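Let chain C serve as the given structure and place chain P on it in line with the hints.
Given next are the chains, with one letter for each unit.
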Amino acid sequence: MNHGPLIFLAAFFALAGSWFSFVLTPQVQVGRLDQTNTVPAGATYPVSRPGLAREGLDVYRANGCAYCHSQQVGQTGVTCDVLLTAVGTNQPALLTALLKVKPALTDAEARRFLAELPKPVLEHVTKEAADAAAKALNSTGGKAQVWIVPMGPDIARGWGLRRSVAEDFLFDYPLMLGSQRIGPDLANAGVRLPDPKWHLLHLYAPRTQVKGSMMPPYRFLFEKRRIERVPSADALVLPPELAPESGFEVVPKPEAKALVGYLTSLRADAPLFDAPLTVAEAAVESSTNSVAGSVTNSASGTNAPVK
Amino acid sequence: MSTEQTTPAGVPGSPSPGPGIAGIPNSEIDASCRMPLFVMFVSAAIWLIIASVFGLISSIKFHSPGFLADIAQLTYGRVRPVFVNALIYGFGLQAGLGVSLWLVARLGRTTLAGPVFVTFGASLWNLGLTIGTLAILAGESTGFEYLEIPFYAALLIFLGYLLIGICGVLTLQQRRERPLFVSQWFILTAVFWFPWIYSTANLLLVKYPVRGVTQAVIAWWYADNLLWVWLALVGLAAIFYFIPKLLKRELHSHYLALFAFWMLILFAGWGGIAVSAPVPAWMPTFSMIGTVLTVIPLLAVALNVQRTLAGNYSKVRSEPALLFIAFGAGAFIVAGFMKVCGLVLDFNQELRFTWFMPARDLLNSYGFFAMVMFGAIYRIFPQLTGFEFPFPRFVRAHFWLAAAGVFLSVLPLAIGGVVQTLELQNANIPFMDIVKSTLPVLRVSTIGDLLLLAGHLLFLGNAAGLLVRFSRARAMSAYAEMTADLFKTAGAKP
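One line per chain: the protein sequences are C and P, in this order.
Read left to right, the first sequence gives residues -6 to 300 (this note's numbering).
Read left to right, the second sequence gives residues 115 to 608 (this note's numbering).
Check each hint, because a few of them may be wrong.
[Said to hold, decoys possible] Listed below are the simulated SDA-like cross-link pairs for lysine to any residue, each with C-alpha atoms no more than 25 angstroms apart in a straight line:
hint: 1; chain 1: C; residue 1: Lys246; chain 2: P; residue 2: Leu188
hint: 2; chain 1: C; residue 1: Lys250; chain 2: C; residue 2: Pro43
hint: 3; chain 1: C; residue 1: Lys250; chain 2: P; residue 2: Leu536
hint: 4; chain 1: P; residue 1: Lys321; chain 2: C; residue 2: Gly24
hint: 5; chain 1: C; residue 1: Lys204; chain 2: P; residue 2: Leu413
hint: 6; chain 1: C; residue 1: Lys246; chain 2: P; residue 2: Lys429
hint: 7; chain 1: C; residue 1: Lys246; chain 2: P; residue 2: Leu248
hint: 8; chain 1: C; residue 1: Lys204; chain 2: P; residue 2: Asp547
hint: 9; chain 1: P; residue 1: Lys429; chain 2: P; residue 2: Leu498
hint: 10; chain 1: P; residue 1: Lys321; chain 2: C; residue 2: Gln22
hint: 11; chain 1: P; residue 1: Lys321; chain 2: C; residue 2: Phe241
hint: 12; chain 1: C; residue 1: Lys204; chain 2: P; residue 2: Pro179
hint: 13; chain 1: C; residue 1: Lys204; chain 2: P; residue 2: Leu556
hint: 14; chain 1: P; residue 1: Lys362; chain 2: P; residue 2: Leu413
hint: 15; chain 1: C; residue 1: Lys112; chain 2: P; residue 2: Asn542
hint: 16; chain 1: C; residue 1: Lys217; chain 2: C; residue 2: Phe241
hint: 17; chain 1: P; residue 1: Lys321; chain 2: C; residue 2: Gln28
[Stated by the list, open to error] Here are some of the chain P residues that sit facing chain C, going by a computed Cβ distance under 10 angstroms:
hint: 18; residue: Lys175
hint: 19; residue: Thr244
hint: 20; residue: Ile245
hint: 21; residue: Leu248
hint: 22; residue: Ile250
hint: 23; residue: Gly253
hint: 24; residue: Thr303
hint: 25; residue: Tyr312
hint: 26; residue: Val343
hint: 27; residue: Asn540
hint: 28; residue: Met546
hint: 29; residue: Ile548
[Unchecked claim] Computed footprint of chain P on chain C, listed as stretches where at least three residues anywhere in the stretch have a Cβ under 8 angstroms from a Cβ of chain P:
hint: 30; stretch: 38 to 46
hint: 31; stretch: 54 to 66
hint: 32; stretch: 75 to 89
hint: 33; stretch: 184 to 191
hint: 34; stretch: 204 to 211
Just so you know, these hints were derived from the structure itself, not from any lab.
Keep in mind that this is a model prediction, so the values were computed, not measured.
Note that beta-carbon positions come from the ideal geometry of N, C-alpha and C, so glycine has one too.
The following block holds chain C by itself, in its conformation from the complex (with noise of 0.2 angstroms):
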């Protein structure tokens, strides 16, 4: 009686099965995906993160920042909005389909909202009710757009204006897109922290920048030197308790550079056919930013949705 051969031949087809499905599949699935456009300006995406920022990745993963830090954003769901941005030229037409698709709104209240546009007239709602918003409103001669809005805790904290695709990691490698969120979602970093100098302040002393983190501070990243002949424009402008000494600055390494470069790299905003989105450029030209594109310039990262 022997099993041997038996116990082999079971388990070389079972982890045969799981390589086929998780290894095999996958590669050639998505393993060969190419960029894509994307969706309705037709931009290539995604395109190869500059040098700094390839180098930057290299930083990222030798400190293990993804321990701490995941860069994937999940979505509950799409909603719609409907903005209205010009009144045409039939405003009573326009203000009695303003009415019928707002019934809440007195006659006053809608002329008032007229004058302030572009503003969202629906928001949260489904696809088909937006759309028929949106003709009667348009049938008028008045100017107004369905917006596609992902919704969901990660994108309403702004880590991200959609779900994070396979598309959106091409070519990044290692892809480290992290187990944790011990520290904030990353995915979206470069759109929400933009600014370099908030980075390398942030890194030299977290709690600097954030209040309360518990981010190690990295400054293994910096240098401290004597100052010749001129301060360094790179040089932290950092608060008395923790300048350097008079004659002395502190300035970023080349590796501290370029974790910055990587990290301001980071995007989640671009509008794919897999991820529909629509991106808030009107809103961005007209200065409201209350609809879709308002979480471009909050730099807290833990930024309430919008309501």
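Coordinates of chain P only, in the frame set by chain C:
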């Protein structure tokens, strides 16, 4: 099948060999295992100390982020992977291989094949791991979790494993007791499983890296197979051998154990891909199905262990090795259910980013696997040397320290993880408040880490003490042998 049921299925490795089997005496088998297993068990115990020191450092960093922060080599993102690698590869796999070899030799009533090669393989393993951990501290990590060790060191680890594994298979091949006990099924599969997953992961992630998100998929697949298949196979092999053996009664059901084996190898290797992972949707779906189906082997193991233990709980309490192993069996079930429930109940996909996951993994790799290995080693080590442990009280103390340490590390982290999940789902709660709310939990788990470290010191102390006893006795007998001649000649003179 009938012979199978009568001889090996009952009491594993029973002292009286079956009819017509010329078994090799246990003392001879143990002597053949002695050298390689010394090397493996003592190295494992040392790696355990290294792991708990690094675990403690990384744990302290949550109370004072400034702790050792200015030394690049000791930043959290380097200390944490060293902790995990030392625990899993240094202790877990090494002790697991040692225990497996002994089980295969004992159950097959044959001497260990190629003990010199096993010793050499274990040395390669430890060399690779040493180079690997130093490389991680120097910032050379590959960036993939559970696979941080760079390629050049991974190669040594792989070769070391191959040497040990081949000797294990040869030992199985030359067994005198032909029918296989269920533990041998588990071990043979485990021996074969690791080289495949390890070479796949290292080749496709490090040497000839694949592109994009496939990297993440392969890394998840590897980690899942390592932690939930390999560890489970070897741990269960030890559970199914030692529980009946120490109770001196039969395993409740041989067939139920084989059923668990089939279900485990079929489904447990599918898991690991979370619902919200940025991959095509069929992968998480497959993963979910596989993970849910692992409930079947979990229940089969639970039933088998419970039925075998039933009515013998007083014996469990009186035998420390059995205490460790029974605890491990319980932790295996709980960790498995944590995995299934965690995946199924994670509606808004935040749980997988919280402390619940490290708690679950610690319960699996430590509460289950390490505890079973402690029990097995406490049982095997004295038999290898022919001596009892110098500090028998330490064994029991180690158990209570380890059990308390596991509770204090796992329970708060798991609860904290659930709280963290609920908070992460509510975007009105600022992120920094969530961080603050996890701090008390982390403090308690640091106490757990300290208890574990204390237990490990007792373990190492006992192992080292036993080695000293053994080598002193050896030296004494060698001295007696040498001086016997001297005295003889001296005595012959007058």
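Here's how the hints hold up against the structure:
| no. | hint | verdict |
| --- | --- | --- |
| 1 | Lys246(C) / Leu188(P) | 18 angstroms, holds |
| 2 | Lys250(C) / Pro43(C) | 13 angstroms, holds |
| 3 | Lys250(C) / Leu536(P) | 36 angstroms, violated |
| 4 | Lys321(P) / Gly24(C) | 16 angstroms, holds |
| 5 | Lys204(C) / Leu413(P) | 48 angstroms, violated |
| 6 | Lys246(C) / Lys429(P) | 63 angstroms, violated |
| 7 | Lys246(C) / Leu248(P) | 23 angstroms, holds |
| 8 | Lys204(C) / Asp547(P) | 11 angstroms, holds |
| 9 | Lys429(P) / Leu498(P) | 24 angstroms, holds |
| 10 | Lys321(P) / Gln22(C) | 21 angstroms, holds |
| 11 | Lys321(P) / Phe241(C) | 44 angstroms, violated |
| 12 | Lys204(C) / Pro179(P) | 13 angstroms, holds |
| 13 | Lys204(C) / Leu556(P) | 19 angstroms, holds |
| 14 | Lys362(P) / Leu413(P) | 24 angstroms, holds |
| 15 | Lys112(C) / Asn542(P) | 24 angstroms, holds |
| 16 | Lys217(C) / Phe241(C) | 7 angstroms, holds |
| 17 | Lys321(P) / Gln28(C) | 24 angstroms, holds |
| 18 | Lys175 | 6 angstroms, holds |
| 19 | Thr244 | 19 angstroms, violated |
| 20 | Ile245 | 17 angstroms, violated |
| 21 | Leu248 | 14 angstroms, violated |
| 22 | Ile250 | 8 angstroms, holds |
| 23 | Gly253 | 3 angstroms, holds |
| 24 | Thr303 | 4 angstroms, holds |
| 25 | Tyr312 | 12 angstroms, violated |
| 26 | Val343 | 8 angstroms, holds |
| 27 | Asn540 | 7 angstroms, holds |
| 28 | Met546 | 5 angstroms, holds |
| 29 | Ile548 | 8 angstroms, holds |
| 30 | 38 to 46 | violated (count 0) |
| 31 | 54 to 66 | holds (count 10) |
| 32 | 75 to 89 | violated (count 0) |
| 33 | 184 to 191 | violated (count 0) |
| 34 | 204 to 211 | holds (count 8) |
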